[in-house]
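Chemist: Listed here are the chains, written in short residue letters.
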Amino acid sequence: MSVVAGGRGGRVPTTRVQPRQKARNQESKQARRRPNAADVVRDRARNSVTDFYANLQGGKIRFRLVAMYVLVSLLLMTLLVRVSYLQTIGAGGYRDASVSQRTRISTAFAERGSILDRNGLELALPVPTRTVFADPRIIVDPVATAHAIALVLGMSPEDELVLASKLQNTASSFLYIARQATTEVAAALAALNLAGISSYSEESRTLTSDGLRALVGRTDIDGIGISGLEGQFDELLGGTDGRTVREVNSKGQSIPIGDDSSQVAVPGQDLVTTIDRNIQFQVDAIVTQQITRLNARGGAAIVMDSTTGEIYAMSTIRKNADGTYTADSGNFAAVDAYEPGSVAKVFSVSAALNEATVETNSVFQVPGKQVFNEGTKWVHSITDAYPHGLEEMTVRKILVDSSNLGTVQIAQTMPAETLHKYLKEYGFGTKTDVDYPGESKGLLKSFNELRGTEKITTAYGYGYSSSALQLIAGVNVVANNGVYVAPRLVNSVIDLNGINQPSAPSATHTVIKPEVAATMRSLMSDVVCFGTASLAKVPGITVAGKTGTGYKRQDNGTYVKDDGSRAYFASFVGFLPAENPRFTVLVSIDEPDPASRDRFGGTAAAPVFANIAQVLINELDIRPAATDMGCPKQRPVELGPAH
Amino acid sequence: MATISADNQLTPAERRRAVLNKSGKAQTSRLATDVPSKVYYGIVAVITVLVVFGLIMVLSSSSIVSINNGGSAWYMFRKQLAWSVCGFFALLVTYRMPYHIWHRLVIYVLATGVGLMLLPFSPIGVTINGARAWAEIGPVRFQPSEILKVAVLLYCASVLGRRRKEIENVQRTFVPIVTVWFVAVALCMIQKDFGAAIVFTCVILSTMFIAGTPMRLIGTIGALTALGSVVAISASSRVQQRFLSFLDLDGNKGHSAYQVWQSILSISNGGVTGVGAGRGTGKWGYVPLAHSDFIFAIVAEEFGLIGSTLVIGLFLALALLGIQVALRARDPFGAVLAGGITTWLCIQATINIGGVIGALPVTGLTLPFISYGGSSLFMVMAASGLLLNVARNMK
Numbered sequence: 003m004s005v006v007a008g009g010r011g012g013r014v015p016t017t018r019v020q021p022r023q024k025a026r027n028q029e030s031k032q033a034r035r036r037p038n039a040a041d042v043v044r045d046r047a048r049n050s051v052t053d054f055y056a057n058l059q060g061g062k063i064r065f066r067l068v069a070m071y072v073l074v075s076l077l078l079m080t081l082l083v084r085v086s087y088l089q090t091i092g093a094g095g096y097r098d099a100s101v102s103q104r105t106r107i108s109t110a111f112a113e114r115g116s117i118l119d120r121n122g123l124e125l126a127l128p129v130p131t132r133t134v135f136a137d138p139r140i141i142v143d144p145v146a147t148a149h150a151i152a153l154v155l156g157m158s159p160e161d162e163l164v165l166a167s168k169l170q171n172t173a174s175s176f177l178y179i180a181r182q183a184t185t186e187v188a189a190a191l192a193a194l195n196l197a198g199i200s201s202y203s204e205e206s207r208t209l210t211s212d213g214l215r216a217l218v219g220r221t222d223i224d225g226i227g228i229s230g231l232e233g234q235f236d237e238l239l240g241g242t243d244g245r246t247v248r249e250v251n252s253k254g255q256s257i258p259i260g261d262d263s264s265q266v267a268v269p270g271q272d273l274v275t276t277i278d279r280n281i282q283f284q285v286d287a288i289v290t291q292q293i294t295r296l297n298a299r300g301g302a303a304i305v306m307d308s309t310t311g312e313i314y315a316m317s318t319i320r321k322n323a324d325g326t327y328t329a330d331s332g333n334f335a336a337v338d339a340y341e342p343g344s345v346a347k348v349f350s351v352s353a354a355l356n357e358a359t360v361e362t363n364s365v366f367q368v369p370g371k372q373v374f375n376e377g378t379k380w381v382h383s384i385t386d387a388y389p390h391g392l393e394e395m396t397v398r399k400i401l402v403d404s405s406n407l408g409t410v411q412i413a414q415t416m417p418a419e420t421l422h423k424y425l426k427e428y429g430f431g432t433k434t435d436v437d438y439p440g441e442s443k444g445l446l447k448s449f450n451e452l453r454g455t456e457k458i459t460t461a462y463g464y465g466y467s468s469s470a471l472q473l474i475a476g477v478n479v480v481a482n483n484g485v486y487v488a489p490r491l492v493n494s495v496i497d498l499n500g501i502n503q504p505s506a507p508s509a510t511h512t513v514i515k516p517e518v519a520a521t522m523r524s525l526m527s528d529v530v531c532f533g534t535a536s537l538a539k540v541p542g543i544t545v546a547g548k549t550g551t552g553y554k555r556q557d558n559g560t561y562v563k564d565d566g567s568r569a570y571f572a573s574f575v576g577f578l579p580a581e582n583p584r585f586t587v588l589v590s591i592d593e594p595d596p597a598s599r600d601r602f603g604g605t606a607a608a609p610v611f612a613n614i615a616q617v618l619i620n621e622l623d624i625r626p627a628a629t630d631m632g633c634p635k636q637r638p639v640e641l642g643p644a645h
Numbered sequence: 021m022a023t024i025s026a027d028n029q030l031t032p033a034e035r036r037r038a039v040l041n042k043s044g045k046a047q048t049s050r051l052a053t054d055v056p057s058k059v060y061y062g063i064v065a066v067i068t069v070l071v072v073f074g075l076i077m078v079l080s081s082s083s084i085v086s087i088n089n090g091g092s093a094w095y096m097f098r099k100q101l102a103w104s105v106c107g108f109f110a111l112l113v114t115y116r117m118p119y120h121i122w123h124r125l126v127i128y129v130l131a132t133g134v135g136l137m138l139l140p141f142s143p144i145g146v147t148i149n150g151a152r153a154w155a156e157i158g159p160v161r162f163q164p165s166e167i168l169k170v171a172v173l174l175y176c177a178s179v180l181g182r183r184r185k186e187i188e189n190v191q192r193t194f195v196p197i198v199t200v201w202f203v204a205v206a207l208c209m210i211q212k213d214f215g216a217a218i219v220f221t222c223v224i225l226s227t228m229f230i231a232g233t234p235m236r237l238i239g240t241i242g243a244l245t246a247l248g249s250v251v252a253i254s255a256s257s258r259v260q261q262r263f264l265s266f267l268d269l270d271g272n273k274g275h276s277a278y279q280v281w282q283s284i285l286s287i288s289n290g291g292v293t294g295v296g297a298g299r300g301t302g303k304w305g306y307v308p309l310a311h312s313d314f315i316f317a318i319v320a321e322e323f324g325l326i327g328s329t330l331v332i333g334l335f336l337a338l339a340l341l342g343i344q345v346a347l348r349a350r351d352p353f354g355a356v357l358a359g360g361i362t363t364w365l366c367i368q369a370t371i372n373i374g375g376v377i378g379a380l381p382v383t384g385l386t387l388p389f390i391s392y393g394g395s396s397l398f399m400v401m402a403a404s405g406l407l408l409n410v411a412r413n414m415k
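Chains A and B supply the protein sequences, listed in that same order. Residue numbers for the first sequence follow our numbering, beginning at 3 and rising by one. Residue numbers for the second sequence follow our numbering, beginning at 21 and rising by one.
Note that these hints are calculated values from the structure, not bench results. Hints should not be assumed to be uniformly reliable.
Pairs of lysine-lysine residues, derived as BS3-like cross-links and limited to a Cα-Cα distance of at most 27 Å, are as follows [what the hints assert, rightly or not]:
{"id": "1", "chain 1": "B", "residue 1": "K273", "chain 2": "A", "residue 2": "K253"}
{"id": "2", "chain 1": "A", "residue 1": "K426", "chain 2": "A", "residue 2": "K447"}
{"id": "3", "chain 1": "B", "residue 1": "K212", "chain 2": "A", "residue 2": "K62"}
{"id": "4", "chain 1": "A", "residue 1": "K379", "chain 2": "A", "residue 2": "K563"}
{"id": "5", "chain 1": "A", "residue 1": "K457", "chain 2": "A", "residue 2": "K563"}
{"id": "6", "chain 1": "B", "residue 1": "K58", "chain 2": "A", "residue 2": "K62"}
{"id": "7", "chain 1": "A", "residue 1": "K447", "chain 2": "A", "residue 2": "K539"}
{"id": "8", "chain 1": "A", "residue 1": "K426", "chain 2": "A", "residue 2": "K554"}
{"id": "9", "chain 1": "A", "residue 1": "K554", "chain 2": "A", "residue 2": "K433"}
Pair ranges (Cβ atoms, derived) [unchecked claim]:
{"id": "10", "chain 1": "B", "residue 1": "R161", "chain 2": "A", "residue 2": "I91", "range": "54 to 62 Å"}
{"id": "11", "chain 1": "A", "residue 1": "V68", "chain 2": "B", "residue 2": "A252", "range": "29 to 37 Å"}
{"id": "12", "chain 1": "A", "residue 1": "Q255", "chain 2": "B", "residue 2": "F108", "range": "45 to 53 Å"}
{"id": "13", "chain 1": "A", "residue 1": "G92", "chain 2": "B", "residue 2": "R35", "range": "48 to 56 Å"}
{"id": "14", "chain 1": "A", "residue 1": "V129", "chain 2": "B", "residue 2": "T147", "range": "55 to 63 Å"}
{"id": "15", "chain 1": "A", "residue 1": "S264", "chain 2": "B", "residue 2": "I326", "range": "27 to 35 Å"}
{"id": "16", "chain 1": "A", "residue 1": "Y178", "chain 2": "B", "residue 2": "S92", "range": "40 to 48 Å"}
Far from chain B, some chain A residues (derived; all Cβ distances over 10 Å) [claimed, not checked]:
{"id": "17", "residue": "A93"}
{"id": "18", "residue": "P144"}
{"id": "19", "residue": "S448"}
{"id": "20", "residue": "T512"}
We treat Cβ as the ideally placed atom computed from N, Cα and C, and that holds for glycine.
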């Protein structure tokens with residue numbers, strides 16, 4: 003089989019093949035019928051399938067075919083390795099990119115709950131608006147578009163230029179044109195039919211009265227409560243935003259496959275406050291009128307139900323830089339703390355009466371001026387508000403005339419620690435249960451920390467501080483038969499099913515005996531009838547209360563301003579009717595004009611109380627008891643002559 | 021009744037022979053008396069699965085494009101189905117026709133193929149994705165280079181098979197094949213169909229390699245190709261970007277590598293088990309040409325690693341079976357033909373999938389059997405018929 007072997011790989015030198023073939027062809031033509039043996043073998047070797055296959059077994063073709071198979075298989079296996087990597091451990095980042103490029107999540111904003119007054123009238127409510135935006139990529143003519151928008155929105159030429167340049171930035175796909183515009187403005191913009199300008203509906207927040215701003219607080223532009231009740235109850239009011247998840251094709255159109263993980267927005271719940279909108283509105287007006295008259299820095303008033311602690315009105319007005327008075331600076335009645343001043347004499351006297359160390363007709367020898375801690379570094383001289391010599395005073399007269407030194411003597415009938423304990427019972431030094439955002443807990447040092455004359459001055463309201471909320475809650479103990487009731491602002495929550503879920507009643511604790519409270523009420527009605535608070539009188543009904551005229555402690559650590567003038571803090575806390583109180587009212591006037599005669603608690607704050615009391619009487623139909631005889635015509639002898 | 025029970029005891033081969041004896045065909049057809057081997061049935065199975073799976077994938081990936089083009093969602097699928105039916109008849113013809121006949125026909129086929137390659141430059145030519153490689157006659161659009169691929173393959177196998185003993189004779193074997201190669205590649209370059217040029221080069225190199233051409237000659241062609249590629253790539257920055265962008269997918273994902281980036285996102289999205297038949301996301305406008313060149317991305321997304329392993333595994337099986345056929349072919353022509361067809365299909369699949377998964381540059385080649393593209397499917401099926409023909413006649 004040498005011929006066959008020679009043909010295996012075709013290794014015969016090519017130069018010799020051609021002549022041989024030609025020769026063979028000629029030969030076969032000539033002698034086709036007489037092939038010799040060699041021809042037969044050669045012919046079989048060339049054409050026989052069997053021989054080719056035998057050759058292939060060990061030949062070059064076989065080797066090369068196997069090599070080719072190995073090559074192709076290796077290539078395909080390499081692909082398989084890469085694909086396996088991409089679809090298993092290497093998939094993460096690519097899969098995320100894939101999901102994010104085809105997934106569009108839009109937020110379905112939950113409708114914010116309303117804040118209602120005690121009668122279900124709105125205080126703060128959502129208002130539908132439209133937000134107009136631009137997609138600069140689609141805008142055809144940015145300059146003309148900006149001009150048209152500027153005309154509708156009344157923009158200045160400078161703003162128009164800025165807008166035009168922003169609209170030219172095709173790298174951006176979103177630009178606010180008008181956030182939370184009224185539906186009219188949005189409709190006007192839509193009517194322009196500008197390419198690339200669209201709008202979506204958004205919710206803004208409005209108040210039914212500007213005076214509510216201080217109490218209700220604010221939401222930011224995205225509808226999240228950031229201050230006041232809006233902030234405090236944001237979770238409850240805000241609800242839960244839903245989201246719409248959809249998968250889109252490369253053009254942003256929704257595609258019909260994909261998992262629907264959309265969530266429906268859960269609207270916020272409504273908050274029913276204890277506020278009475280009508281009373282709040284009128285109290286705002288009364289306070290504003292008085293502080294405007296007195297050119298004061300600000301003023302606050304709180305109306306509280308004496309027995310339940312529900313706050314019917316809480317008004318805080320402040321003077322702005324431009325001299326106007328508005329309620330949008332903050333709820334200072336809860337947030338700011340001042341030394342309570344003479345109003346706090348109520349606590350010293352009631353404590354002494356409760357401890358039975360004095361009676362209403364106990365007599366004290368009261369000087370007009372006294373120096374304490376003489377010879378120590380805490381030397382401090384205390385005078386009364388009006389000059390007088392050494393005078394015999396009953397407890398009643400001390401309170402009615404608001405004698406500082408008399409109150410000090412009453413307080414000194416019991417250990418200083420006892421008064422301190424009572425002040426804590428009255429709620430000082432701890433936040434009220436209102437827990438208003440930023441609420442002050444005042445400052446009441448622990449007894450061991452009291453230094454120098456602080457143990458003495460606490461008797462008439464200096465050396466510690468309280469918020470207006472703490473002060474009204476403290477005085478209310480007297481109105482509420484000796485029981486402290488925590489103030490509160492929330493009556494109930496209307497849940498998603500529309501069911502009213504009432505809040506828990508206010509926490510209470512007894513501070514003084516009911517008969518002591520009754521005695522205090524008679525003392526405090528004398529303050530109104532014959533004492534410092536005569537301007538708080540309400541015709542036909544007996545009211546009770548206590549004035550306070552304090553000097554505000556200045557940043558320099560004294561009670562005198564750098565320019566030598568004093569900053570007054572005039573206050574009045576009272577209740578009505580005096581015998582069986584239904585409402586306790588606090589009024590404070592912050593820095594009334596120091597040159598005015600009406601800078602005192604009795605002249606600045608007490609008249610406001612009288613006006614507010616009239617409102618309460620009218621709105622809530624308060625009638626005097628049958629036994630209410632009004633103020634006695636004759637000034638009692640024990641009070642001595644009026645000042 | 022007795023006959024039937026006797027039949028039942030016969031082997032299938034004996035039964036088959038008995039049937040053919042009755043019809044009198046046993047004498048006229050040698051094939052008829054032969055029992056097809058397991059390799060033959062294996063190839064039939066692989067081709068059947070590939071074609072059917074391909075049709076399913078074309079339906080899944082083309083329906084969105086079909087609708088976007090304003091027609092029925094089934095439009096492209098129906099066209100592909102029609103082509104596959106035609107392809108089946110082509111397969112029957114190439115399978116039934118004794119393959120030695122191609123020795124005589126191949127020169128005409130080659131001439132026709134080259135002639136058809138000029139059609140895209142006539143008024144009926146169509147440009148797709150920058151390549152003027154299609155001709156459209158009425159509703160039928162085809163890519164002449166697909167026909168030329170099989171023609172060149174047949175020519176190479178014929179020349180190398182017939183002149184096996186002159187394999188080292190440059191004049192007799194090397195020059196004709198290089199000439200054909202040069203003409204084919206030149207035509208492809210004019211059409212801007214670089215993928216086809218690469219396939220022609222692979223076909224020629226692999227047939228020459230299988231047939232036993234000395235490595236120095238193959239190396240010459242390889243060197244020429246490499247030189248030509250380097251010149252072509254460095255000549256134009258656009259081509260350069262296109263061919264080299266796969267090296268930095270993340271950096272080029274916004275422009276030159278967008279297609280591959282999107283395809284990799286789809287593939288990764290599929291994970292191991294896939295998102296489910298028809299639920300792929302890449303085909304929604306993200307992966308360009310998802311129904312044709314990039315159909316593997318959709319397979320991998322919808323059927324996950326299971327699907328991609330199936331497809332690559334089928335080509336691996338085809339390689340194994342096809343080389344078996346070549347090894348056991350009755351003659352050199354059959355061996356080179358079977359080896360050449362197998363190599364061509366597998367290499368084209370490799371280049372296609374490699375491009376889709378970002379392992380190779382994107383060349384604009386279809387995935388044999390699977391991709392949308394009528395003339396491609398038709399010619400691939402015709403070539404499969406040739407492979408089956410060799411398989412049926414092997415020792």
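Chemist: All the hints need checking, so say for each whether the structure fits it.
Modeler: Verification of the supplied hints:
no.	hint	result
1	B:K273 / A:K253	18 Å, holds
2	A:K426 / A:K447	10 Å, holds
3	B:K212 / A:K62	37 Å, violated
4	A:K379 / A:K563	23 Å, holds
5	A:K457 / A:K563	25 Å, holds
6	B:K58 / A:K62	25 Å, holds
7	A:K447 / A:K539	36 Å, violated
8	A:K426 / A:K554	22 Å, holds
9	A:K554 / A:K433	21 Å, holds
10	B:R161 / A:I91: 54 to 62 Å	42 Å, violated
11	A:V68 / B:A252: 29 to 37 Å	33 Å, holds
12	A:Q255 / B:F108: 45 to 53 Å	38 Å, violated
13	A:G92 / B:R35: 48 to 56 Å	53 Å, holds
14	A:V129 / B:T147: 55 to 63 Å	59 Å, holds
15	A:S264 / B:I326: 27 to 35 Å	30 Å, holds
16	A:Y178 / B:S92: 40 to 48 Å	44 Å, holds
17	A93	4 Å, violated
18	P144	24 Å, holds
19	S448	65 Å, holds
20	T512	70 Å, holds
Of the numbered hints stated above, those contradicted by the structure are hints 3, 7, 10, 12 and 17, listed in ascending order.
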